[in-house]
Every structure is written in C-alpha cells, then in structure tokens.
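Just so you know, the protein sequences line up as chains A and B, in that order.
Per my numbering, residue 1 is the first one in the first sequence, and the count goes up by one each step.
Per my numbering, residue 1 is the first one in the second sequence, and the count goes up by one each step.
Just to be clear, a hint being listed does not mean it is correct.
Cut-off 30 angstroms, straight-line C-alpha distance, at most; resulting in silico cross-link-like pairs (BS3-like, lysine-lysine) [stated by the list, open to error]: (1) B/Lys195 to B/Lys157; (2) B/Lys17 to A/Lys492; (3) A/Lys327 to B/Lys5; (4) A/Lys327 to B/Lys81; (5) A/Lys496 to B/Lys90; (6) A/Lys53 to A/Lys180; (7) A/Lys502 to B/Lys232; (8) B/Lys195 to A/Lys327; (9) A/Lys604 to A/Lys591; (10) A/Lys195 to B/Lys81; (11) B/Lys90 to A/Lys327; (12) B/Lys157 to A/Lys334; (13) A/Lys133 to A/Lys403; (14) A/Lys250 to A/Lys180; (15) B/Lys17 to A/Lys334; (16) A/Lys334 to B/Lys195; (17) A/Lys571 to A/Lys552; (18) A/Lys588 to A/Lys604.
Here are some, though not all, of the chain A residues that point toward chain B, as calculated from beta-carbon distances under 7 angstroms [stated by the list, open to error]: (19) Cys478; (20) Cys481; (21) Ala517.
Just a sample of chain B residues kept apart from chain A, beta carbon distances all over 12 angstroms, derived [to be verified]: (22) Ser118; (23) Val186; (24) Thr200.
To be clear, the hints were calculated from the coordinates, so they are not data collected in a lab.
Heads up, the beta-carbon is just placed ideally off N, CA and C, and yes, glycines get one too.
Given next are the chains, with one letter for each unit.
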Amino acid sequence: MDFKALQGKSRQEYKKRLGSDKPVIYVGAATCGMAAGAGELLKMLPQELDALKVNADVVRVGCIGPCCLEPLVDIQKPGKPRLSFHTVNPRKLKTILEDYLVKDNPHPELALGIVGEGRLDGIPNLFDHQMLKGQVRIALRNCGHIDPNRIEDYIARGGYTALEKALKMAPEQIIDWVKKSGLRGRGGGGFATGKKWDSVRNAEGNIRYILCNGDEGDPGAFMDRSVMESDPHSVIEGIIIAAFAIAWQKAPAEGFFYVRNEYPLAVRNLLIALDQARKNGFLGKNIMGSGFDFDVKINRGGGAFVCGESSALMRSLEGRVGEPRVKYIHASDKGLWEQPTNLNNVETYACVPEIINKGADWFASIGTKGSKGTKVFSLVGKVNNTGLVEVPMGITLGEMVHKIGGGIKNSKKFKAVQTGGPSGGVIPENMINLPVDFDELTRVGSMMGSGGLIVMDEGDCMVDVALYYVKFLEEESCGKCVPCREGLRRMKQILKRITEGKGAIEDIDTLEELGRAMELGSLCGLGQSAPKPVLSTINYFRQEYEQHIKEKRCYAGVCTNLISFMIDPEKCTGCHLCEVHCPSNAIKGEKKKPHILNQEVCIKCGICYDVCRDDAVIKR
Amino acid sequence: MSTIKITADGRELGAEKGEFLLGVLRRNGFDLPTLCHNDQVSPDGRCRLCTCEIRWQQGGRSRCVVSCLYPVDEGLIVETKSENVMLVRKTILELLLARTPEAEGLPELAAEYGITRSRYGADTDFGKCILCGLCVRACKEVVGVEALGFWMRGTSKVVGPAFLEPSPVCIGCGACAFVCPTGHIVMTEKGDERKIWGKTFKMEKCAKCGRYYAPKFELEWMSKVTGVTYEKLEVCPDCR
Numbered sequence: 001m002d003f004k005a006l007q008g009k010s011r012q013e014y015k016k017r018l019g020s021d022k023p024v025i026y027v028g029a030a031t032c033g034m035a036a037g038a039g040e041l042l043k044m045l046p047q048e049l050d051a052l053k054v055n056a057d058v059v060r061v062g063c064i065g066p067c068c069l070e071p072l073v074d075i076q077k078p079g080k081p082r083l084s085f086h087t088v089n090p091r092k093l094k095t096i097l098e099d100y101l102v103k104d105n106p107h108p109e110l111a112l113g114i115v116g117e118g119r120l121d122g123i124p125n126l127f128d129h130q131m132l133k134g135q136v137r138i139a140l141r142n143c144g145h146i147d148p149n150r151i152e153d154y155i156a157r158g159g160y161t162a163l164e165k166a167l168k169m170a171p172e173q174i175i176d177w178v179k180k181s182g183l184r185g186r187g188g189g190g191f192a193t194g195k196k197w198d199s200v201r202n203a204e205g206n207i208r209y210i211l212c213n214g215d216e217g218d219p220g221a222f223m224d225r226s227v228m229e230s231d232p233h234s235v236i237e238g239i240i241i242a243a244f245a246i247a248w249q250k251a252p253a254e255g256f257f258y259v260r261n262e263y264p265l266a267v268r269n270l271l272i273a274l275d276q277a278r279k280n281g282f283l284g285k286n287i288m289g290s291g292f293d294f295d296v297k298i299n300r301g302g303g304a305f306v307c308g309e310s311s312a313l314m315r316s317l318e319g320r321v322g323e324p325r326v327k328y329i330h331a332s333d334k335g336l337w338e339q340p341t342n343l344n345n346v347e348t349y350a351c352v353p354e355i356i357n358k359g360a361d362w363f364a365s366i367g368t369k370g371s372k373g374t375k376v377f378s379l380v381g382k383v384n385n386t387g388l389v390e391v392p393m394g395i396t397l398g399e400m401v402h403k404i405g406g407g408i409k410n411s412k413k414f415k416a417v418q419t420g421g422p423s424g425g426v427i428p429e430n431m432i433n434l435p436v437d438f439d440e441l442t443r444v445g446s447m448m449g450s451g452g453l454i455v456m457d458e459g460d461c462m463v464d465v466a467l468y469y470v471k472f473l474e475e476e477s478c479g480k481c482v483p484c485r486e487g488l489r490r491m492k493q494i495l496k497r498i499t500e501g502k503g504a505i506e507d508i509d510t511l512e513e514l515g516r517a518m519e520l521g522s523l524c525g526l527g528q529s530a531p532k533p534v535l536s537t538i539n540y541f542r543q544e545y546e547q548h549i550k551e552k553r554c555y556a557g558v559c560t561n562l563i564s565f566m567i568d569p570e571k572c573t574g575c576h577l578c579e580v581h582c583p584s585n586a587i588k589g590e591k592k593k594p595h596i597l598n599q600e601v602c603i604k605c606g607i608c609y610d611v612c613r614d615d616a617v618i619k620r
Numbered sequence: 001m002s003t004i005k006i007t008a009d010g011r012e013l014g015a016e017k018g019e020f021l022l023g024v025l026r027r028n029g030f031d032l033p034t035l036c037h038n039d040q041v042s043p044d045g046r047c048r049l050c051t052c053e054i055r056w057q058q059g060g061r062s063r064c065v066v067s068c069l070y071p072v073d074e075g076l077i078v079e080t081k082s083e084n085v086m087l088v089r090k091t092i093l094e095l096l097l098a099r100t101p102e103a104e105g106l107p108e109l110a111a112e113y114g115i116t117r118s119r120y121g122a123d124t125d126f127g128k129c130i131l132c133g134l135c136v137r138a139c140k141e142v143v144g145v146e147a148l149g150f151w152m153r154g155t156s157k158v159v160g161p162a163f164l165e166p167s168p169v170c171i172g173c174g175a176c177a178f179v180c181p182t183g184h185i186v187m188t189e190k191g192d193e194r195k196i197w198g199k200t201f202k203m204e205k206c207a208k209c210g211r212y213y214a215p216k217f218e219l220e221w222m223s224k225v226t227g228v229t230y231e232k233l234e235v236c237p238d239c240r
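Based on the sequences and whatever the hints tell you, model everything.
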C-alpha cells in the first residue's frame, strides 16, 4: 500500500473510532498506569461489560502525564466527547460503567475532564486542568491519545508525513532546518543537534551509525520511558530522518536503539513499532521509494547506569565492558567501531518530525534565547501534582512547583528543587524565579540533565539528600578512573559521618576540595558532575551541615542518629495507638494515662509520630 | 603527519600533529607522574595523574585533560603545574594512598607532592592494587592472551582472571607481575613450579645451563604463535 492510501485508511479508522457508534473505553496502560492498577481494570473490563450487556471497544493507550491521577480510564459514548476519569479503582470502575456508560450520569466529582473536542455540562476540558494547562506538548504530542501498538493511529495523527517530506529534501537542508530550530540534545548534554548531525555527515568513514539513547536511569525520571511506551513511532520517525540527513549520498547507515532492559514495555512497544515500520516501508530497503536503505536494531542494556553515557554506551554496543573513554576525538568522527556515529536521546528524536512538519521557525519561536522548544520534566517529590509535564523552555521553577505542581503537599514549606538527575544540583527556594533552561541551570550549579525535577520541602535534610545521591553514584560509577571511584567512596564516608553526628567542621572543606578535584579530574560526565549534589547543598545550605556537625542536630528530622522522639504528657490522651504500632516495644503506658517512650529501646522509625492523633509525639 | 608547535609552561615545543601530549612533554624533559602508563601498551587514562590544563588562547577558557590521551594540535597552550592540575594530582595521590597505603612507590610519589598521610583513612582490603589496568593491557596487547580483565563495577572492581578462578588461557609468562607498578601481582617460583593468579605451572629446564627458566605452557604457546620450534625455545635466552 502506498503512503497516501495508508494515510487515508488510517485517518478513516481513527475518525471512525472517535465518532464510533459503539462506546470506546480508553485505559492508560503505560508502566505508570499499570503500576497504579490499570492491569486489574483491564482484566475486569470484559466481564463487567458482559454483565452490563454493553458492546464496547477497549483501547489501551499510553500515558498522558499526570501520574498522581492514575489509573486513568476514559469513556467515549456515541455522540459524546471522550470523558476522562481519574484514580479509578475496581469499585469506581463499576460505578462509572453503571452510572455513565449505561445510564447518563457523568459523575462530575469523579470525572477529570474532556479529552479533545466536545463539551459536557459541568466538566472542564482535561487540558484546562491545573497540571496540564501551562503545557506545550511536542515530544508528548501523541502520548495518551493513541494506541502505541497501532501504526495507523500514529499515521492518522500526522505520523510519517515528516519523513515523506524529509525524503524529498536535500540532506543539507534538513540539517539546516534542525540547526535553525535551535534544538539541543535532551539527554543532558545540551549539544546543538543540527551541528552534531553536520559533523557526522561530513566525517570520514565508510558507514554512519545512528544511535538512540533510551538508557534512562536517573532515579525519579521517566520521560523517555513514557515516550517509548506511549508513542514509539515518533522516535523511530525522528531516527529515520536523522539517518537520511546524515548518510544519504555519503555512506550506508545503520541504526541501533539502546534501551534499558528494566523497561520491558518500552522494549516490547518499540519492537512492535519497528516491525510495523518495516512492513509499511518506512524502514528497510528503498524507504518510501526514495532509494534510501536503513534499519534499526534494538539493543537491551544490561543494567548499568553509566551505559547511558555516550562513550560507555558505544562500548556496551560493541560487546565490551561499559566503561567510558575520553572524548578528545568526538564520536562524530570515531564512535561505534571507530566509525562516525550520531547519538541522540529519545526526546530529541521525538521532536524532529514536528520540526520538519511545522518548520524551524515555529520551533525556535518557543523557549528562550539559548534553549529552544520544550522540555519534558518528570515533576516528582513533595508537590501535589506529580507526573510528566512538557513545558516551554524558560518557564520559572516557581511556575513548575506552584502552578503545574499545584504547590507543596500537606501545606508544608517549600525548600528546594533538585534538577538534572543524581548528579544535578539543588536549587534553593530563593531562586524560585529562575527560568529553567540549559544555561541558567548550569549557571547556578545544577544542570538540565535529562529532566528530573525533584521538589523538596522542610522535611528534607540537605545532608541526607546529598548522601542519597552520592550513594547512588558510588554504586553506579564504572570504577575506571580514580577521582570518581575513590572520590565518591570517600564522599559517602564523610557524609555518612556527618549524618551520624560524628562529623568534624573540617569535613566541609574536605568535601569542597574533593568535589572540585573530581569535577576537574574525572574522565566522563558522571564523575565530573557527581559532586554537584554535595557542592550545591554546601553552597546553599551550609548552615545545615554546620548544625549537623556543631549542634549535632538535624532540624529537618531525618537523620535518625540526631533526632529523638518524646511524648508530651500534657497532650497524650493514653489512646495506646503509638504503643500498638511501635515495632520495638519502646512505648508503654496505662489506658487514658500519658505514655512513656523508652529512649534506650527506640529505633527512631517515627511511626508513633505519624500515627498520633493528638500531636503528642514530639520529634527533635 | 605534520610538524606543529605547542607551548608548555611557557616553553615552545615541536611535535607531530595528533601525537599524545604526554609523549611530547616527556621527550622534552617535563616530569609528569603516571601510574597507569607504560610506553609498551596503549594509554588508557585511568590514574589521571598526568592531567594537564590546556587552553587554545592566552587567557582563554581552560580545561583539564589527561595528557596520555590528548592529541596535540597547532597552538596548544599547556600548563603542567597549574593550581587546578596540582589539586587534581594531590587529590588522586591522597585517595590512592588511602586505598592502598602499602602500594610500592606510592608513599614516595605522594610525598613528592607533600602528602604524607591521607585524610581519608587507610584501607587494608585492596592489597596493593590501584586498578591501573597495566596488567590487563600487557596481557592483551603484548602477550596476546587476554587472561586478565576487570571484574565487577565501581568500588567493587577488581582485576583478575575470568570469574577470579585459575585461567585456562594464562601461560604463566609473568608479564602482568613485571608491569605492575605497585607490586600487587605476586608470582612465586620454587623448584620446577611457578605460581601466579592461583595457577601452578611446571617449568622447563634450559637445555644448556640447566636452570628452570620458563613454564612449559608458555614455551608451547610461544612456539605456536611464533613458529619457532620448541627445541630452540628449550634454551634459555642467556644461553642462546
């Protein structure tokens, strides 16, 4: 089937589903949805529909972003808009099926909003929701709207038109467009994508390798997973365009998609998508009749965080130990198997088709002077709305936390944001007006990284935060070079000492000196940025380190060696609740009389503090 | 190859474009410390002691690079003892001294940089191994055997034969022990036996002087790869 015919068929099918005379039920079934319980709902649905004698189609879609509202189930009745319900559990599912699907009560208190066109009384549009309102969706444009396992859905929403257009352009022109768009690498480095493509195209070598980095491993970050699971074709289309722009009339091209094996659904959806792309002539020999040959193979990662680093990723692809190497000679000249290699991140590739479709100027009109377009962030931590958000570059941290994030959970006080993954820095509350883009984040001692954004409140101890990241990085350091391997180990030891109240005041200087040497002397990006969590917390929260060392106090109430729990006899009503829950039997007391906590036995787990209904447990 | 000029600590030096900075500097009498470098094997940039600070313009932006792997080009300006360089070197030496206080030559090298004790403590569980990888590279590149490698990752990383068991491919040549800069790899000989990496080799006597001089396995392997007959190899190098 030629592309026009396929497009026609796909659009018709998609339109038919949107205006179906049968009810359609959409279930968000990406990993986030499944973890929240969508699997159980999907199992239940056929039986429930049978019982209600309703003939409906069930469509598994990807993730639309708001993880805090998962599982999301949307119901689209004939002639009615697609209505989304949030935090659906089996009981809620029964209610909405009975009351909305069969009868006509849309349950405004359970409904989240309307997806797409149409109106229903009393129910807002989903994209007017606090969390989704400020978003501009480019990389996530199809996420949650389409069935990721159907290429027709992707094509119906404009998929592969960019490839069709690009194949008729001169490769130099494509590169020129990408350059003009101002697109910078979304994996963390922020290197200009067009410039990279240009160097790879003009490098000397008899093949061009086109790689996609899907080895996302930052704790609390899941941007790439969501795109790979929910809209795999957009990434694949981007890769094919890159391959054509880099290799056409220069050298043969070969593609590899490096995905971490801990993302089984992403691997599965990508495999299905690649197969569909091949069957429909978007991959393989003579792509869309252009004469260009190209294919992509999947390589699953072995679980090493460091293999997300470009040179380690290439060593891993070659079948060697995933250790980085110096990049004094760039991968664009000598990368995979010493041949010119282009490596971009999932999100970078996903932006490419939109740039080709809508033009470089359109993309460049979004964002700041140095950082164009949008960036997907995983907004997590102590905010009310957690999940994936795609926002224009240059949005302030404050807007992210207070508007999109809906403010701090449990009305606590906002303290800091940690950006850029484990080797990013912490940005304090007084910098809330900082515009988020590559250069600004670097300037204040953090980085964009792949887009993790962890919000912290007054209950987070900055020394403990630094220790957490250093521990992670120490485990994930490849161990090749001395500053990173030995430096992280010593940093961990010193930080641990401080959190245990055994630190010395000189330790702060030692940490700073060691951190500076690691930044200067480490081999790869992991080691060079590894001290950032320590250096930035010392920079902005030095007094917290001093309190741990001098006063032996952790005012955030996190470091167990430095806190103790007590029961206020004035407030204690003797309800026994703490006594019952205490795992170490440290609390004793008679009924309706103030209880007593035995400090000798207390393991400082804080359960008593959490369960007490009368605020009688004091933490200090 | 074309001849170019670089500047190091204010001195102008001639070099071939693309050759590694460390070689250029050492050829011109610069004293740079290294622990993972040996001219007979390829550079790997593990110890990072040969770090230098480079820039392309006087007063321009600088960065630290390991000179053993940095290819020089026209106009490169190098500082071999800047403040940043010394910070990196001292930190590395202090970290290594904490890891392997017993490593041969390390305390002396550290003392040259004013470090006599490490603020980071003194470990006892790593032997004398600083993970420089010279043994791994010598075994692979010089001997051509690949009996050694790195195992595990990060702070658990160790050097040894596969699965840390006696290697079926090790020929007992002892190149790894010879190249080891810190005396970590121990090779012992007693009578007609040589022991290394937990494997025992039977030694061959020199047909002329009668001393035990090489493992049989090594001679067989050498004969196979070089095409020299075993009988010729049965005579030790001194008697040949």
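Point to revise | Hints violated by the structure (listed by number, smallest first) | key: 2, 6, 7, 8, 10, 16, 22
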